[in-house]
Structure formats: C-alpha cells, structure tokens
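Peer 1: Once you have looked at the hints, place chain R on chain E.
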Amino acid sequence: MKTLIKNGRVIDPANKIDSVCDVLIDSGVITEVGVNITANADETIDATGLLITPGLIDLHTHLRDPGQEYKEDIISGTRAAAAGGVTSLTCMPNTTPVNDCLAITKYIISRAKEEGSANVFPIASISKGMKGEILSEMGELKAGGCVGFSDDGVPVVSGELMRRAFEYADTFDMPILTHAEDLTLVAGGSMNDGPVATELGLKGIPWVAEDAATSREIMLAEFTGGRLHVCHVSTKGSVDLVRQGKARGVRVTCEATPHHFTLTDEAVRGYNTNAKMNPPLRSQEDVDAVRAGLADGTIDAIATDHAPHHYDEKNVEFAVAMNGIVGLESMLPLSLNLVEEGVITLNQAISLLTSQPAQIIGIDRGTLGVGAIADIALIDPALEWEFKAENLQSKSKNTPFSGWKMKGAAVKTILAGKTVYSR
Amino acid sequence: MSFNPKHILGIKNLTADEINFILDTADSFKEINTRQIKKVPTLRGKTIVNLFFEASTRTRTSFEIAGKRLSADTVNISASSSSVVKGETLEDTAQNIEAMHPDIIVMRHSASGACDYLAERLNCSIVNAGDGTHEHPSQALLDAFTIRQHKGDIKGLTVTIAGDVAHSRVVRSNIHCLNKLGANVRITGPKTMLPPGLEKLGCEVFSNLNDAITGADCIMMLRIQHERQGKTLIPSLREYSRFFGLNDENLKLAKKDAIVLHPGPINRGVELSSSVADGKQNVILDQVENGVAVRMALLYLVAGGEKLQDE
Chain E
281 MKTLIKNGRV
291 IDPANKIDSV
301 CDVLIDSGVI
311 TEVGVNITAN
321 ADETIDATGL
331 LITPGLIDLH
341 THLRDPGQEY
351 KEDIISGTRA
361 AAAGGVTSLT
371 CMPNTTPVND
381 CLAITKYIIS
391 RAKEEGSANV
401 FPIASISKGM
411 KGEILSEMGE
421 LKAGGCVGFS
431 DDGVPVVSGE
441 LMRRAFEYAD
451 TFDMPILTHA
461 EDLTLVAGGS
471 MNDGPVATEL
481 GLKGIPWVAE
491 DAATSREIML
501 AEFTGGRLHV
511 CHVSTKGSVD
521 LVRQGKARGV
531 RVTCEATPHH
541 FTLTDEAVRG
551 YNTNAKMNPP
561 LRSQEDVDAV
571 RAGLADGTID
581 AIATDHAPHH
591 YDEKNVEFAV
601 AMNGIVGLES
611 MLPLSLNLVE
621 EGVITLNQAI
631 SLLTSQPAQI
641 IGIDRGTLGV
651 GAIADIALID
661 PALEWEFKAE
671 NLQSKSKNTP
681 FSGWKMKGAA
691 VKTILAGKTV
701 YSR
Chain R
16 MSFNPKHILG
26 IKNLTADEIN
36 FILDTADSFK
46 EINTRQIKKV
56 PTLRGKTIVN
66 LFFEASTRTR
76 TSFEIAGKRL
86 SADTVNISAS
96 SSSVVKGETL
106 EDTAQNIEAM
116 HPDIIVMRHS
126 ASGACDYLAE
136 RLNCSIVNAG
146 DGTHEHPSQA
156 LLDAFTIRQH
166 KGDIKGLTVT
176 IAGDVAHSRV
186 VRSNIHCLNK
196 LGANVRITGP
206 KTMLPPGLEK
216 LGCEVFSNLN
226 DAITGADCIM
236 MLRIQHERQG
246 KTLIPSLREY
256 SRFFGLNDEN
266 LKLAKKDAIV
276 LHPGPINRGV
286 ELSSSVADGK
296 QNVILDQVEN
306 GVAVRMALLY
316 LVAGGEKLQD
326 E
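Going down the list, the sequences are from chains E and R.
Per this note's numbering: the first sequence = residues 281 to 703.
Per this note's numbering: the second sequence = residues 16 to 326.
Isolated chain E, as found in the complex:
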C-alpha cells in the first residue's frame, strides 16, 4: 500500500526541512520526501495549504488503564490523542495497580497495539507501588518497553532513594521524570499562593514548593551524572533553575503544559474546578517565564499532563476536587497560538511537539526522514473552530477551554501509514 501526500508544507525539524513538497509512504514507512514525486500510489492526499509534520509526541499523559477505566482507557485516550494530531505518547504509572512491573507494562503496550490509535510508551514507577521505599525493577521494565521512570503525582520524599534512582536508571541509560514538589510546603494548598487565593479564601501552594524540589532534583542529577527530565515546570524559578543547570552541563531537560503557558490563577475565580491542577495555574510572571523558556530553548517539550477525571470528581467543592485537566485535544491549537502571538516560531513549535520530546525518551519517532515509520500529522494552521468539551474523544470532559475559539487543528492523523483520524 502506497500513500502519496502532495503539496503540503513539510516541517521536519529533525531533518531541518521546511518546504513545500510531497511525502511518499510505502507499507507504513516513509520512502521519499521531495518535490513532484511521481509514483503509482494507491491513495493520494492533497495537502495544499496544510502542514505535513511528524505525528505529535506527548511526554505526559494519564491513560488511567488499568484500574480507573471510568475516567479513561487506552482506547479512548489514544483516540483523543489521534484527534489532537498526537501519534505517540507516554503514560504515567499511577494506575491501579501501579505500573511497577513487567506484567502491567506488557498489558499497556499490547492493549495499545491491538486496539489503540496511537503508540503508547509506558513510564514505569521509580519505586515499587510509588511508595518511595524500594526501586522498581528498572532493567526488566526497560526491556519490556518502558521509556523512563517517574513517581508522578507522588514525589519521592527521600533524597537517598532519589539519588539511587538516578544512579540505577542511568545504569540502563534511562531518564528520571520528576514531578517536582515539596509536599511539606504544599501543606494542603489547593491553588497557587497569591492574591487570588487570598481573596477566594483558598489555601495557597507557594512557588517555593516547586522550586525547592526542582532544585534538589537538578542537584542530584548533577551529583550522580544521571539524566533528569523535569515534568510540567510552572514557575519562573523552575525555569531559571533548569536554565542554570543546563548551563552547568547537568543532563536536564524539561517540559511545559499548554495550560501553564496559557492561563493564570485568575482562571480559578468562581471556584472553577476545571482550573484546578497540580502544579497549579500560576501568576502572569510565571506564565511569562514559561513562555520565555520555550522561546530560548530552556524548555525542551510541550506536554499535556492529560489527566482525565469523572464529572463527579470535579462537581464538588474546590478544595476536595481532583487535580488535573484533559489536554490531548487542545495541545496543538494552544501551541500554535504561541506562534500566532510571536512567542515562538512555527518550526520551534513543531520541534517542541515532535523531535525534541522523541529525543528525551529515545524513541525513533518525531521525524519524517526516509526509512522512518510513517507517523504523520496533517495540520490546517488556519482552521478556526470552537473547542467544546462535549465533542472530546476522551471519556472525561474536564477542561477549562470549553467554548474557546481555537485556530489550527490536525485534519488527518496517520499512524504507521494508516489514517487513524480525519477531520
């Protein structure tokens, strides 16, 4: 089966290509990229006016499968990914049971292969049961297909265990993904500490809770020589710490979420539980710093922290509502909005969404190079549409962006040569 995509603007940061040309796919593999390809294709797609990019890669999702399928499962989660132009994603290990062993890892990968609409690369837990006590069997988990380790959402408290995690993971050339948060400084807070929290009478989570933990993890990475990826940086201080760490030669990368570069804690007003997440929405100064970090290359990837929750878990008093929002289907337009606002270039945006995240977890995706597996997003950058929670493919509808006017969308998502989503 041959598919020819014609006359699109190919943006392939991995191969430094940005030009209008054609892409030929044969048996799920890219076989040619060039101008005026003439081939007897079974299917020809006219991509005039569209961007042809590698399928997007999301380094941070929660698929809730196994165990919390009422929120999301591998089928619905990867369908949401496809609708957002995402062809590869990682899923965090805080499932029930925790992904800390080969059996769960194999279940996730095989389920995704059989019935999913995207490639799923599991992140296994740093510690068994995410209890922060004993390291997971990292060697075996890597062999089983995991691409990194994280106790996302339940940060490892012990400095000693974290040190050993860096050392042991690096034995297998694997990164540690950290949810940087000093829980003793969070102390029961439910939104960003600041004037809005004071006015609403909600206990604040101060920026120092994130920065203190980010600082420790960077120092441990520096000390051990291990590889650190800081998840969802949300504060000015964290961006600065990563920037300084990189300048010192620490092996550190980081990601930012669309909500942290789009919204401030003002979105919580009215006790909007769909604006409750962890880390919380921060101040304008923090948002500006995250944007600056994306612009100057301090931040390596845009990732969603896609965190589906059931309606009942959000339809409660703010302080007891679950943390997190869905993000797979809003990541692309919110990222393109940064281009529209002149914060980053289009090439930077695609790079942050494809080749750079691929590099962090060491997967052979995020490229349109000849011989690469044909994971491709066709993006209409000019398409204007209304984002509606009820139209989401995800099982959960917890988003603060419902009703937003968006610009730019994936109109076709191709996974290994096969169309998995068409708009």
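Any given hint could be a false lead.
Stated by the list, open to error - SDA-like, lysine to any residue: derived pairs with alpha carbons at most 20 Å apart: (1) E/K483 x R/E214; (2) E/K594 x R/T104; (3) E/K594 x R/D107; (4) R/K215 x E/R549; (5) E/K296 x E/A652; (6) R/K246 x E/A467; (7) R/K206 x E/V488; (8) R/K206 x E/R443; (9) E/K594 x R/E135; (10) R/K246 x E/T464; (11) E/K483 x R/Q110; (12) E/K483 x R/G212; (13) R/K206 x E/G469; (14) R/K206 x E/G468; (15) E/K594 x R/Q110; (16) E/K483 x R/Q240; (17) E/K483 x R/P205; (18) E/K594 x R/G102; (19) E/K483 x R/K206; (20) R/K215 x E/S563; (21) E/K483 x R/S125; (22) R/K215 x E/T544; (23) E/K483 x R/D107; (24) R/K206 x E/A467; (25) E/K516 x R/G212; (26) E/K483 x R/L248.
Honestly, the hints are just simulated from the structure, not real lab data.
Peer 2: Here is chain R on its own, set in the frame of chain E:
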C-alpha cells in the same frame, strides 16, 4: 432604592449603596427586638433552612431568631461536613433539602466557595453564613452596623483588624465592606498569619500591633484558634498574647474614644485581656445584638423585600 438580591454570597459583589441599604433596613428592624411581643408577620409562610456543616452557636442562633421574629418557619440542620466521606455530595444533600421547597437556605460550610457552588445549582435563595476562609457577609454587615451606631459615618475612619488573617473569613468580608464604605483598613498579625496580596485588597499591612492601632478609631480583634491552625504559625498562646494581644496599655495608643470589636467567641487573656473584654470601649455585645437585626434585614430582602409588603 430597592434591593432584592436572590442570594447573599459575599460582600465583594455588593455596592456601597447596597450595603447602606441593608444597614438602613436593619435599622428599621432593630426596634422589633426590644418589643414585648418580638414578632412581626413579614415572612409568614416562608421556610428557612439553617444548613450548618460546621459548629456554630452565635451565628446559627442569630439567624434562627432573626427568622422566627419575622414569622418564618426555621429548621436547623447540623450536617457533618464529611458528607463526601459518607458518600453523599454537597449537591445531593442540598437537592434533597430543596425538594422540600424551602425559600432560603442559610449555609455554613468548611469549604471556601461552597455557597457559590450551591447558588449555581439550586433554585432557592442562598445566604452565606460563612464559607471556609472566604466570606462571612452577615458578620461584616453587623460589624459595619455597630461601627455606624457608635461612630456615625464610616467614611474616613481608621479600622485596624488584628490576628489570624489567613484563616479568617470575617476579615475578607470586612475588608471588602469597610473599603466600600470609605474606611482606612489596617491589617496586622504575625507574618505567618498574613496571606499574600492584602495590599491589593486595599489594606495597609503592619507587622507590629502597636503601630497598627496607633490613632485607630476601631480595633477588631480576631479569635485565635490555636488547635485548628496547627502549631506552625505561632509558637505559643503566651507569646501571641504578648505581641499581638490587646490590653489596657496598648489600647491607649488608639484614639481615646476608639471602640473594640470581636466576632466572638473571645479568648480571654489571648487576643484580648479580660480588662479590655470587660472594659468600656468594647462593643462586642452590641455586635451580637445588632446581628439579629442585620440578619432579619438580609432574610427580608432576599425573600422579596418591598414586594412582600405589597402582597
């Protein structure tokens, strides 16, 4: 003017005119409380549910008496705020109550925003009797009523509020109320008890009590709840009392005719010395008395106000 709000959720969204209208209405009700027969038929046939998810004696009794003196049928429900743990959500609890067709639910809840939450989901009126550390509008209104009673116009007065501001809903409502009425609001307490952004709410912030009360017209002392606030905010009640307690000595720094308010219940020897608590300058029991009139006004206005008299 006429003012018939559907709900009273907080002071923040009220205008100065609306606040004054509420206080004027309370003025006209105050006299009823000193009659031989302390009852008028104004709210006859109305049902008011006092839904309290947190312990309260003063506020709940005050709302209940206010309702009864207006001839409403009042029902008190003391619910455990752990309804989530029991499996029933706040929305479900409230919908069950609403199915019995109350006209007004007066609610106190430990979660900030709980009253806003209900107001969005129910058809009956909601009166906030204190939500988390967000607002306590009837308290701020009775404080303003009491200040007005003793000082006349609130405009231009200097009012100092001292204590655990971070955990106080009374403070937030008072800051909004006093600012709208033109007072200069000063806030003081140990820095562990002062949340960020108070200046943005229109306050002058002091870390020294003496500086904060010098020249003040009104001093509002907040209750210290050592057992609730955890042990990390202050080392001991003894130390708190020494540096942030009001006593005969430091009270002299305020204006000679300054008044001392407290939302109650007071901790003698902690935020107030007994001599101040029993002294001539305190108006604490006036606040309690005025609370009934202010709450009568709120229930009356929420229930329809002047329209009631037309019927």
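Peer 1: Next step is simple, just say for each hint if it's right about the structure.
Peer 2: Evaluation of the provided hints:
no.	hint	result
1	E/K483 x R/E214	holds, 18 Å
2	E/K594 x R/T104	holds, 11 Å
3	E/K594 x R/D107	holds, 14 Å
4	R/K215 x E/R549	holds, 16 Å
5	E/K296 x E/A652	holds, 15 Å
6	R/K246 x E/A467	holds, 13 Å
7	R/K206 x E/V488	holds, 17 Å
8	R/K206 x E/R443	violated, 35 Å
9	E/K594 x R/E135	holds, 15 Å
10	R/K246 x E/T464	holds, 14 Å
11	E/K483 x R/Q110	violated, 28 Å
12	E/K483 x R/G212	holds, 13 Å
13	R/K206 x E/G469	holds, 18 Å
14	R/K206 x E/G468	holds, 19 Å
15	E/K594 x R/Q110	holds, 18 Å
16	E/K483 x R/Q240	holds, 17 Å
17	E/K483 x R/P205	holds, 17 Å
18	E/K594 x R/G102	holds, 15 Å
19	E/K483 x R/K206	holds, 15 Å
20	R/K215 x E/S563	holds, 14 Å
21	E/K483 x R/S125	holds, 12 Å
22	R/K215 x E/T544	holds, 17 Å
23	E/K483 x R/D107	violated, 25 Å
24	R/K206 x E/A467	holds, 17 Å
25	E/K516 x R/G212	holds, 19 Å
26	E/K483 x R/L248	holds, 14 Å
Comparing the model with each earlier hint shows violations of hints 8, 11, 23; every other hint is respected.
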